[in-house]
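Novice: Could you build the full structure based on these sequences and the hints that come with them?
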Amino acid sequence: MKDTEGYITPDGRQIGGVLMEMKNITLRFGGVVAINDISFDVREGEIRAIIGPNGAGKSSMLNIISGFYTPSEGEVFYKGEKRPPMKPFEVARMGVARTFQNIALFEGMTVLDNVMTGRLTHMNAGVLSQALWWGKARDEEMENREVVEKVIDFLEIQNIRKTPVGRLPYGLKKRVELARALAAEPSILLLDEPMAGMNVEEKEDMSRFILDVNDEFGTTIALIEHDMGVVMDISDRVVVMDYGKKIGDGTPDEVRNNQDVIDAYLGVAH
Amino acid sequence: MTQSTEGAAELRSVPALLHRNATRFGARPAFREKEFGIWQTWTWSETEREIEAFALGLLDMGVAPGDFVAIIGRNRPSLYWSMVSIQSVGAVPVPLYQDAVAEEMAYVLDHCGAKLVIAEDQEQVDKVLEIEDRLPEFHRMIYLDPRGMRKYDHTTLSSFAEVQETGRNASAEQKAELEKRRGGLGYDDTCVMLYTSGTTGKPKGVVLSNRNIIETAKASCEFDHLTEREEILAYLPMAWVGDFIFSVGQAYWAGFCVNCPESPDTMMTDLREIAPTYYFAPPRVFETQLTQIMIRMEDAGPLKRKMFHYFMDHARRVGPKILDGESVSLGDRLKYRLGEFLVYGPLKNALGFSRVRVGYTAGEAIGPEIFDFYRALGINLKQLYGQTEASVFITQQPDGEVRSDTVGVPSPGVEIRIAENGEVFYRSPGVFVEYFKNAESTAGTKDAEGWVATGDAGFIEEDTGHLRIIDRAKDVGKMADGALFAPKYVENKLKFYPNILEAVVFGANRDRCVAFINIDLAAVGNWAERNNIAYASYQELAQNKQVLDTIQAHVEEVNASVAQDDMLSGCQIHRFFVLHKELDADDGELTRTRKVRRKIIEEKFADLVEGLYANEDSVYTETEVTYEDGRKGKIKATLYARAPKVVPVETKTLEAAE
Numbered sequence: 001m002k003d004t005e006g007y008i009t010p011d012g013r014q015i016g017g018v019l020m021e022m023k024n025i026t027l028r029f030g031g032v033v034a035i036n037d038i039s040f041d042v043r044e045g046e047i048r049a050i051i052g053p054n055g056a057g058k059s060s061m062l063n064i065i066s067g068f069y070t071p072s073e074g075e076v077f078y079k080g081e082k083r084p085p086m087k088p089f090e091v092a093r094m095g096v097a098r099t100f101q102n103i104a105l106f107e108g109m110t111v112l113d114n115v116m117t118g119r120l121t122h123m124n125a126g127v128l129s130q131a132l133w134w135g136k137a138r139d140e141e142m143e144n145r146e147v148v149e150k151v152i153d154f155l156e157i158q159n160i161r162k163t164p165v166g167r168l169p170y171g172l173k174k175r176v177e178l179a180r181a182l183a184a185e186p187s188i189l190l191l192d193e194p195m196a197g198m199n200v201e202e203k204e205d206m207s208r209f210i211l212d213v214n215d216e217f218g219t220t221i222a223l224i225e226h227d228m229g230v231v232m233d234i235s236d237r238v239v240v241m242d243y244g245k246k247i248g249d250g251t252p253d254e255v256r257n258n259q260d261v262i263d264a265y266l267g268v269a270h
Numbered sequence: 001m002t003q004s005t006e007g008a009a010e011l012r013s014v015p016a017l018l019h020r021n022a023t024r025f026g027a028r029p030a031f032r033e034k035e036f037g038i039w040q041t042w043t044w045s046e047t048e049r050e051i052e053a054f055a056l057g058l059l060d061m062g063v064a065p066g067d068f069v070a071i072i073g074r075n076r077p078s079l080y081w082s083m084v085s086i087q088s089v090g091a092v093p094v095p096l097y098q099d100a101v102a103e104e105m106a107y108v109l110d111h112c113g114a115k116l117v118i119a120e121d122q123e124q125v126d127k128v129l130e131i132e133d134r135l136p137e138f139h140r141m142i143y144l145d146p147r148g149m150r151k152y153d154h155t156t157l158s159s160f161a162e163v164q165e166t167g168r169n170a171s172a173e174q175k176a177e178l179e180k181r182r183g184g185l186g187y188d189d190t191c192v193m194l195y196t197s198g199t200t201g202k203p204k205g206v207v208l209s210n211r212n213i214i215e216t217a218k219a220s221c222e223f224d225h226l227t228e229r230e231e232i233l234a235y236l237p238m239a240w241v242g243d244f245i246f247s248v249g250q251a252y253w254a255g256f257c258v259n260c261p262e263s264p265d266t267m268m269t270d271l272r273e274i275a276p277t278y279y280f281a282p283p284r285v286f287e288t289q290l291t292q293i294m295i296r297m298e299d300a301g302p303l304k305r306k307m308f309h310y311f312m313d314h315a316r317r318v319g320p321k322i323l324d325g326e327s328v329s330l331g332d333r334l335k336y337r338l339g340e341f342l343v344y345g346p347l348k349n350a351l352g353f354s355r356v357r358v359g360y361t362a363g364e365a366i367g368p369e370i371f372d373f374y375r376a377l378g379i380n381l382k383q384l385y386g387q388t389e390a391s392v393f394i395t396q397q398p399d400g401e402v403r404s405d406t407v408g409v410p411s412p413g414v415e416i417r418i419a420e421n422g423e424v425f426y427r428s429p430g431v432f433v434e435y436f437k438n439a440e441s442t443a444g445t446k447d448a449e450g451w452v453a454t455g456d457a458g459f460i461e462e463d464t465g466h467l468r469i470i471d472r473a474k475d476v477g478k479m480a481d482g483a484l485f486a487p488k489y490v491e492n493k494l495k496f497y498p499n500i501l502e503a504v505v506f507g508a509n510r511d512r513c514v515a516f517i518n519i520d521l522a523a524v525g526n527w528a529e530r531n532n533i534a535y536a537s538y539q540e541l542a543q544n545k546q547v548l549d550t551i552q553a554h555v556e557e558v559n560a561s562v563a564q565d566d567m568l569s570g571c572q573i574h575r576f577f578v579l580h581k582e583l584d585a586d587d588g589e590l591t592r593t594r595k596v597r598r599k600i601i602e603e604k605f606a607d608l609v610e611g612l613y614a615n616e617d618s619v620y621t622e623t624e625v626t627y628e629d630g631r632k633g634k635i636k637a638t639l640y641a642r643a644p645k646v647v648p649v650e651t652k653t654l655e656a657a658e
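Residue numbers (the UniProt record's numbering), protein chains in the order written: chain A, 1 to 270; chain B, 1 to 658.
Hints were generated in silico from the structure; no laboratory data involved. All of these numbers come straight from a predicted model, not from anything done at the bench. You may find that some hints are simply not true.
Claimed, not checked - Subject to a maximum C-alpha distance of 30 Å in a straight line, what follows is the list of computed DSS-like cross-link-like pairs (lysine-lysine): (1) Lys34(B) <-> Lys136(A); (2) Lys151(B) <-> Lys150(A); (3) Lys34(B) <-> Lys150(A); (4) Lys348(B) <-> Lys162(A); (5) Lys335(B) <-> Lys348(B); (6) Lys634(B) <-> Lys79(A); (7) Lys634(B) <-> Lys203(A); (8) Lys203(A) <-> Lys335(B); (9) Lys203(A) <-> Lys581(B); (10) Lys203(A) <-> Lys632(B); (11) Lys203(A) <-> Lys34(B); (12) Lys34(B) <-> Lys173(A).
Specialist: The structure is reproduced here in structure tokens:
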């Protein structure tokens, strides 16, 4: 089934066809069922959020999308084609980039070098050429540096370009991680709790950047987030998970008024 | 008289100078901006093409001669170009302070009746749209950075690039029209209108003619032998007259290169990379840099620290003399050379001052220690005294006659007169035309013969001919017993301590002086960290007992020094508070150029002033603050007063002094 029809968001953005589809995904760790028969899709140009209480299986779902986990059952369709089991780097080559819940940057390297690593999938000069800094390796690095500098400019981190990441405060590290993911020029960007541990101002900045990335580059974004205010404000559609099951899916307003969601978040007498 | 030789026709306007530069220095760099991590360069001939394209685009939009066009943004080549494009079509550029809140912009935009606004980015566009309803004349806006602008209604909005594109496709008729307007620009036509931030009342629009700007630029370039080989870093607000003179007036006259930083936060890195040859900074910048150096030296290893202090002591002794060309023994010279290799050279390099040939500071008094520090390093730092109304230059220090306590001799073409009450008056080719739509203020400032009141009190030293400024004329007052009260004089002495960021002294018509003090969070915070003093906020640190002790010691030293001046010994500080908040332009306590607004502070913190005069030991107060986004909040604090030692003196009255 290939759905090419999109929809128009309340703020007037045209959302395209289905970019990625998760079909009846189940993930088991031994006897534990982390994800139980979940299906949903992510459309082109959309900001799609996955929410749910702790342990609902959100990060596992993101890890399946990024190829870190292979689902026990079910299939992943990407750009209309069924995706065979893949290694994460193969998925990355297909245009999927991500950030991590607990920042995974190279602390001793500068911001610039960290963001450059986001371009690795776009570099294929040989070891010798790279070691000698000659020919293809040099041209490639210059091209890639240009992309990286545009990202640095976009995220307004010029002033820390040469600063080792280890010396940066938490909020900025998160931004650097976003920069690295963006440097890969992904067609789909996965954000695992981009606002966790931030203060209000940092959250506002990050929200602004997420919206701008989507607006400026048309990047499709799938994000996991705990802060309900942020999720409801910036996402177009929301999937709600609880104990590995999907309990809601729709626009923020629909989800907000869904009884199952309210029960999951506020608790209900069993 | 304000006689001046009128330049040849091709030198009578900034667009004319542009054309001369494109012909004469065509391949030399005119502008640089760091973008995407690399310095991008535009030569004079490229600059001319960029400016012309934008000018034709403006023409196409229907910008008419005499229109006012506002420019809001930080220093960027495109914004500098747009000023000259605006002049080319006969309109008048009005640069505004980009950090002003929408409310402040509303007044200025309405006052000049700007029809068109050129804004740097979404932030500035939003501010103008917010106040759009109150601007009957305003109908179009051009923005530079397209980021985030996609969803805006573009019926009255265009991007800079679009306007230039339209200009590049202009018809022959339009080109001829531009040629005609450009050729018609006269020496007495308006070059730019700059709003003064104003320590009191509403801002005033200072109209400066081509004559004002070009004569001033010419004289000041000759004074310091500035050539097309200079490099400057444009980082001060475009709305400030100094930036207009340095980055437009002098740059176009001499044909030198203006470098624009990548972002406001990268200013220090960019300064180091460019290493300007001609540099201006307000004393505050030099102070902050020195504080930073001292903090970092405290944290450095013992060997480096000892070497630094050893050679700096030597430099303070002989450096300024070497700079002034006085005789210094061979041994001292050799030792200074060694110091240059080991300490001064690397330090200057780290600061971005390796190539500075002429450096200026102005706006406030600079501490002698700070001033001497930079001169000791071999940096030719000088002082000048100026005003928007004078197109900057009133007095400046010639090479070899530099001191921290004067502001120099009258600039070429400037006449100076000291009135009976001590107020300084001047007359020069740079004297402004008028305050826009404010004949009353114009008449109050400039008399029929062209003499302008500076509002500052000062005197000319008889033996050197240098001007010394004491204080704002209106701030110089009397105390209850008739003694002279010059608050700025005392405040400046206080501010020379790195721990003190700002000070406000009260005492007019009172029997003694009291003060408010702001601590410098960078210096005091670092000191607290090294001494294991925990603090949660600025407010808490400000009332820390040890901090108060340190500040009290500073105040006592200042009192001792003030006591030595016969005329001003009555201005010693009897009691003071360290304020619980930093004085801020957003709260109206400082001007945008960070000058203290004494009256407003006195009214706002009236309870604290009374507390000091009533000898209260502590006062509880609540203060309203404005956050950067315009929201308001309250901070509450209990302040503890201190009573520093005062040197007993016999007060001389003002009458006796006269």
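Novice: With reference to the structure, classify each hint as holding or not holding.
Specialist: Status of each hint after checking the structure:
no., hint, in the structure
1, Lys34(B) <-> Lys136(A), "holds (26 Å)"
2, Lys151(B) <-> Lys150(A), "holds (21 Å)"
3, Lys34(B) <-> Lys150(A), "holds (12 Å)"
4, Lys348(B) <-> Lys162(A), "holds (21 Å)"
5, Lys335(B) <-> Lys348(B), "holds (17 Å)"
6, Lys634(B) <-> Lys79(A), "violated (54 Å)"
7, Lys634(B) <-> Lys203(A), "holds (23 Å)"
8, Lys203(A) <-> Lys335(B), "violated (55 Å)"
9, Lys203(A) <-> Lys581(B), "holds (26 Å)"
10, Lys203(A) <-> Lys632(B), "holds (20 Å)"
11, Lys203(A) <-> Lys34(B), "holds (29 Å)"
12, Lys34(B) <-> Lys173(A), "holds (24 Å)"
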